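There are 4 protein chains.
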Amino acid sequence: MFRMKAAVYVEPGRIELTEKPMPAIGPNDALLRITTTTICGTDVHIMKGEYPVKPGLTIGHEPVGIIEELGSNVHGYREGQRVIAGAICPGFTSHACQDGHPAQDGGCHGHGYKPMGGWRFGNTIDGVQAEYALVPDAQANLAPIPDGLTDEQVLMCPDIMSTGFVGAESANIRIGDTVAIFAQGPIGLCATAGARLRGASCIIVVDGIDQRLSISRNMGADITLNFHEVDVISEILRLTGGRGVDAAIEALGTQSTFESALRVLKPGGTLSSLGVYSSDLTIPLNAFCSGLGDHRIVTSLCPGGKERMRRLLDVVSAGRIDTASLVTHRYALDDIVEAYELFAHQRDGVLKVAITP
Amino acid sequence: MFRMKAAVYVEPGRIELTEKPMPAIGPNDALLRITTTTICGTDVHIMKGEYPVKPGLTIGHEPVGIIEELGSNVHGYREGQRVIAGAICPGFTSHACQDGHPAQDGGCHGHGYKPMGGWRFGNTIDGVQAEYALVPDAQANLAPIPDGLTDEQVLMCPDIMSTGFVGAESANIRIGDTVAIFAQGPIGLCATAGARLRGASCIIVVDGIDQRLSISRNMGADITLNFHEVDVISEILRLTGGRGVDAAIEALGTQSTFESALRVLKPGGTLSSLGVYSSDLTIPLNAFCSGLGDHRIVTSLCPGGKERMRRLLDVVSAGRIDTASLVTHRYALDDIVEAYELFAHQRDGVLKVAITP
Amino acid sequence: MFRMKAAVYVEPGRIELTEKPMPAIGPNDALLRITTTTICGTDVHIMKGEYPVKPGLTIGHEPVGIIEELGSNVHGYREGQRVIAGAICPGFTSHACQDGHPAQDGGCHGHGYKPMGGWRFGNTIDGVQAEYALVPDAQANLAPIPDGLTDEQVLMCPDIMSTGFVGAESANIRIGDTVAIFAQGPIGLCATAGARLRGASCIIVVDGIDQRLSISRNMGADITLNFHEVDVISEILRLTGGRGVDAAIEALGTQSTFESALRVLKPGGTLSSLGVYSSDLTIPLNAFCSGLGDHRIVTSLCPGGKERMRRLLDVVSAGRIDTASLVTHRYALDDIVEAYELFAHQRDGVLKVAITP
Amino acid sequence: MFRMKAAVYVEPGRIELTEKPMPAIGPNDALLRITTTTICGTDVHIMKGEYPVKPGLTIGHEPVGIIEELGSNVHGYREGQRVIAGAICPGFTSHACQDGHPAQDGGCHGHGYKPMGGWRFGNTIDGVQAEYALVPDAQANLAPIPDGLTDEQVLMCPDIMSTGFVGAESANIRIGDTVAIFAQGPIGLCATAGARLRGASCIIVVDGIDQRLSISRNMGADITLNFHEVDVISEILRLTGGRGVDAAIEALGTQSTFESALRVLKPGGTLSSLGVYSSDLTIPLNAFCSGLGDHRIVTSLCPGGKERMRRLLDVVSAGRIDTASLVTHRYALDDIVEAYELFAHQRDGVLKVAITP
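Chains as they are written, first to last, in my numbering: chain A, 1 to 357; chain B, 358 to 714; chain C, 715 to 1071; chain D, 1072 to 1428.
Hints are computed from structural coordinates only; laboratory data are not their basis.
Computed from a predicted structure; not experimentally measured.
Just so you know, not all the hints are guaranteed correct.
What the hints assert, rightly or not - Between beta-carbon pairs, the in silico distance windows are:
1. Arg595/B x Asn787/C: 25 to 33 Å
2. Gln255/A x Gly790/C: 37 to 45 Å
3. Gly1151/D x His345/A: 53 to 61 Å
4. Asn1243/D x Gly706/B: 44 to 52 Å
5. Gln255/A x Gly406/B: 29 to 37 Å
6. Asn886/C x Asp588/B: 35 to 43 Å
7. Ala1032/C x Gly148/A: 50 to 58 Å
8. Thr35/A x Asp1393/D: 40 to 48 Å
9. Pro726/C x Gly1312/D: 43 to 51 Å
10. Gly1312/D x Asp322/A: 19 to 27 Å
11. Thr996/C x Asn1243/D: 23 to 31 Å
12. Leu285/A x Val587/B: 27 to 35 Å
13. Ile780/C x Gly148/A: 50 to 58 Å
Unchecked claim - So these bits of chain A aren't anywhere near chain C, every CB distance computed over 10 Å:
14. Thr18
15. Leu57
16. Val276
Stated by the list, open to error - Partial chain A-side listing against chain D, Cβ under 10 Å, derived:
17. Lys114
18. Glu169
19. Ala200
20. Ser201
21. Glu307
22. Leu313
23. Ser317
Backbone N, C-alpha and C define an ideal beta-carbon position, used for all residues, glycine too.
The task is simple: from the sequences and hints, build the whole structure.
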């Protein structure tokens, strides 16, 4: 039986490259030969044991690859075709999916919702940091890569770009809005690009690393603030003439960024939250106008499915965004443990690493 | 010079009926002879000194009355006409108003927003618990009462009904939704009616007073839960087959109701908050799915303006709701201190009191 | 091989009851034993040859039945269970479906849309006016009937109620709206109920048959107009004080009703169109304010899928609507040709017929 | 008494520069000294007598100027300040305004709507092709010009840019959409920029003049089609793989462009119409899928008010769009009749003319 290499979760603090049998393809699956993948902040949480998965599970949820084999029920694709699939890959038939919440897919039984239920790769099924991976419900999830795009150009589509963009989409940005974005890691940078794509006329971004703030400008930021250098809240209020921003996007997952986002928000504004929090959040009474400020706090999980991927690939193909530049480091799959080491400690100015089996 | 009676804030714990000069009408004002008004929970906060207003200010923000005199710029109304005005009565010309947030009206200068800036009666200008009151920006705020409606039938329109309904509107209820509403005071009861008006097919309401739960059924509730008798969270999850509700409306302003609303909410659902909170709020990490549950938390202040009032009056006139039944007690203006006493202590099953000068 | 009775299209003007082999079930199908179905206006178009289908096709798209057999990929249901399926039963995995337009499902290949592509029963596959019928993509389309509801109580859910309600939903009705609905056949009557469910405070309905207008009142109409007796346009303008209605729903499919709907619509209002037109439409220049009236014209095809059906069944179960009363006549499947005869000629005050195999 | 020069409508075919008394300022007005204005297609309709206005009326509705005097009720501005006002300048207090339709402002009496009622300059009151002009309801309509912007940079804000952008906004464009825009005059060009600002990834524009198509590319178009050279409908269907566009924007006002927009639209798509039509429109049955294609046809009149103007000025100030380049010709007010002559005949590649008193 053929075997393949895969990065698996072993125990808290340990991810290993191991050998596994090739997965057995079912009628609704597609088997991909992974050509490029990457490591996500969530994978680091998994490695550290902060987000529990089953030991032995292959991790990773950002696949770029080539169709090796198609299940008998999967039509309209061909073997050898270059494709991606979203980090979130629901079946799209469940009640939650038909109700407009595919990322919270409760599965086909009953009429339930399951928090983050649409996230399966490297969570509830084997992921894609491997030589091969199965895409479940492939009919709903495979998106062909347009001609002329490299793997690295589309590598952010499955998760980072989809998440960053939805931050701007959920913020309900209108032409002429002023938007503040807290944290400029890969997702925050894509939120910046997303805010630009939705028509914001003043995009203020906040981070503590000048290198990132410099990339922010390429992604569309108008004003960059280093929180080591200025009091961010008073500076944003000053910049907006005391008015506050129309929308604030949180892209880190801490009390501090969440709270700052609320404190610079105008009454009637939207706080769009993308971060993965690790403790209870506090809403300060005064920033919340005692509940009377017509505020909206919206959280969004990365949208998936082939239509979302098609749209993001079109955005890349049309040259509206350059996310290839977020790839700062490259590793062979054989060296993925080393890549985790670098990425987990955020060494060497790393933004995203490309992993090639 | 003519003088009139008015209930004014004196110091924490004390509201008094006093005499004041009749207000001097400006070109954009209307002078109303108040025929009926009522006391709101907010007024009790003011009385207790929890929400500071200037000593000597007339309080109250729910006017039903007769036009005594019209400012020179106010057209399309006539003296002697029966009207109401919303508790929130902005000018509608400011940036915040034109931007869709009249309740957060920042005034005509600059381009600012002011939290709750549209609320003026009994907050930043003299209120309506008096024999006479000025309606500012009357052209934008006076709504004639349709023939055949009594004062008590329309008494909830300026605040309670507008607030309760917006709780359902902001919850984005769709036909067939399951909705949970926490607290069934006057606003919660109107939120129940609002959920019914928007097409919810299962309305679950929660309170600790059986008398209120019995009124809830008249307002449209399908299922009533007394939190003294059942564990509300587990019961709602059981009733929804583990799925959670599509929308939850908070109508009290406490950590407990806010948190319960979030705990029974499905991923992808909306928590619509109406309560006035008096301390920081905590969002529990697990109920919030670590920020990945596609939740929406929306707060809404009572919409005002003559168009909103016209719509609510039409709803009453068409017999879609009976809020006259919420009036449980009646007092003359002369006895308003006694009315505050009863209302502040929620004695004798009081829901709303009608005050008649 | 087992055979069953089915109503098939033969040639223009002729539908016949015939015998066919029992359908062969595929892995994604469910085989239903039909217990009740009905005839739709669309079926009459098919019978007359105005909407071409393949000769020999079983027609009908409104199934109420019992699960006889489940395909191997269909989970979460059991044989013997009472269910319905929507008239529109897409697979929900295509680009069009993921993009929010399941009724225009372009199928799983390419990224196309197909007008009305989600309508398959009695159009592109065998329909349900038969003893047995296959539900395609059953996992996405089967909706269990709540206990205690009769077949006739749920018979309108698959098409008539879903269509009527979407007329109100697409009209973007808000609390306090005035709505005019043109034609009060079964769909128009359900649009009336839908407008009521969305919070309209003044519902004006128009038809030429007094019997229907009398049912309209039971469905929620406030004002009924018989177009034989009044000039409908001037009367509606009079009733609204010259303002026009906030939303107008067209429920017939003629130039006259479409045009009247536009003529009574306020600037800024929505014309929600449900009818199936049979010739080009004319938009009169003045009613359209030369294109400057901020009008919206929205068409909607009946929403389907198990989540929509679940919601409609909940609405029935909660007693929010009684559509069983729309069933005016009952026939055995053996007599379906006679039922078509009656229905096509709208004899004997027929609204809907129940057909029982 | 001081007199000023103004361009007035005399009779069909004739606009003249004449002398008029300076307007008398009321308490809610601002008197502007016009520094730059322009001629709109609508003005040409007026000149030709196709859109009737009162003889002697000053025409023009796109003011850039300096505050000469403020009415006694107008606060927050100062004399000598450079400002613009929208072509649409409602009072914002009427029912229509509070209901979200300021362009259809019915005035303060009753609760009416008036088609295009918010358009007053050069329609129901004296316009701005003059040395001086009154801005009514100035508090709601004056927008200061940010430092560093020239008159020509902001000259398109009052009408052309606001109209073009609303074409994209009403089209409900999402990130990754394909959009077709019919006609690339000044409004169509701004619609192109608007589609880009909303995140469309493929913008296809259609015109018959290559010079305009070349400007289209600068405004954000991806693909330009000259209808003299290709069959536009089949080419757009080919370019979209048969799928049709997500949104089509009509920017001319003819049956041909309207119909083409519908013919290239996917089921479920939106036709956003900006043109001013001069005859009844026909909706072709097949392009409309007999009313079952989930289509939306939306018309929009230029949004006005100071908040809209502030947003557009911010868009210009941030360098998101360069509309100064649309000014192809410049005239003194003294030569306005000559400017009309050129503009009405679309000579010499004219797009917009700047008129300076």
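Against the structure, the hints:
no.: 1; hint: Arg595/B x Asn787/C: 25 to 33 Å; in the structure: 31 Å, holds
no.: 2; hint: Gln255/A x Gly790/C: 37 to 45 Å; in the structure: 40 Å, holds
no.: 3; hint: Gly1151/D x His345/A: 53 to 61 Å; in the structure: 59 Å, holds
no.: 4; hint: Asn1243/D x Gly706/B: 44 to 52 Å; in the structure: 49 Å, holds
no.: 5; hint: Gln255/A x Gly406/B: 29 to 37 Å; in the structure: 31 Å, holds
no.: 6; hint: Asn886/C x Asp588/B: 35 to 43 Å; in the structure: 39 Å, holds
no.: 7; hint: Ala1032/C x Gly148/A: 50 to 58 Å; in the structure: 55 Å, holds
no.: 8; hint: Thr35/A x Asp1393/D: 40 to 48 Å; in the structure: 41 Å, holds
no.: 9; hint: Pro726/C x Gly1312/D: 43 to 51 Å; in the structure: 35 Å, violated
no.: 10; hint: Gly1312/D x Asp322/A: 19 to 27 Å; in the structure: 25 Å, holds
no.: 11; hint: Thr996/C x Asn1243/D: 23 to 31 Å; in the structure: 26 Å, holds
no.: 12; hint: Leu285/A x Val587/B: 27 to 35 Å; in the structure: 30 Å, holds
no.: 13; hint: Ile780/C x Gly148/A: 50 to 58 Å; in the structure: 54 Å, holds
no.: 14; hint: Thr18; in the structure: 32 Å, holds
no.: 15; hint: Leu57; in the structure: 24 Å, holds
no.: 16; hint: Val276; in the structure: 25 Å, holds
no.: 17; hint: Lys114; in the structure: 26 Å, violated
no.: 18; hint: Glu169; in the structure: 7 Å, holds
no.: 19; hint: Ala200; in the structure: 9 Å, holds
no.: 20; hint: Ser201; in the structure: 4 Å, holds
no.: 21; hint: Glu307; in the structure: 9 Å, holds
no.: 22; hint: Leu313; in the structure: 9 Å, holds
no.: 23; hint: Ser317; in the structure: 8 Å, holds
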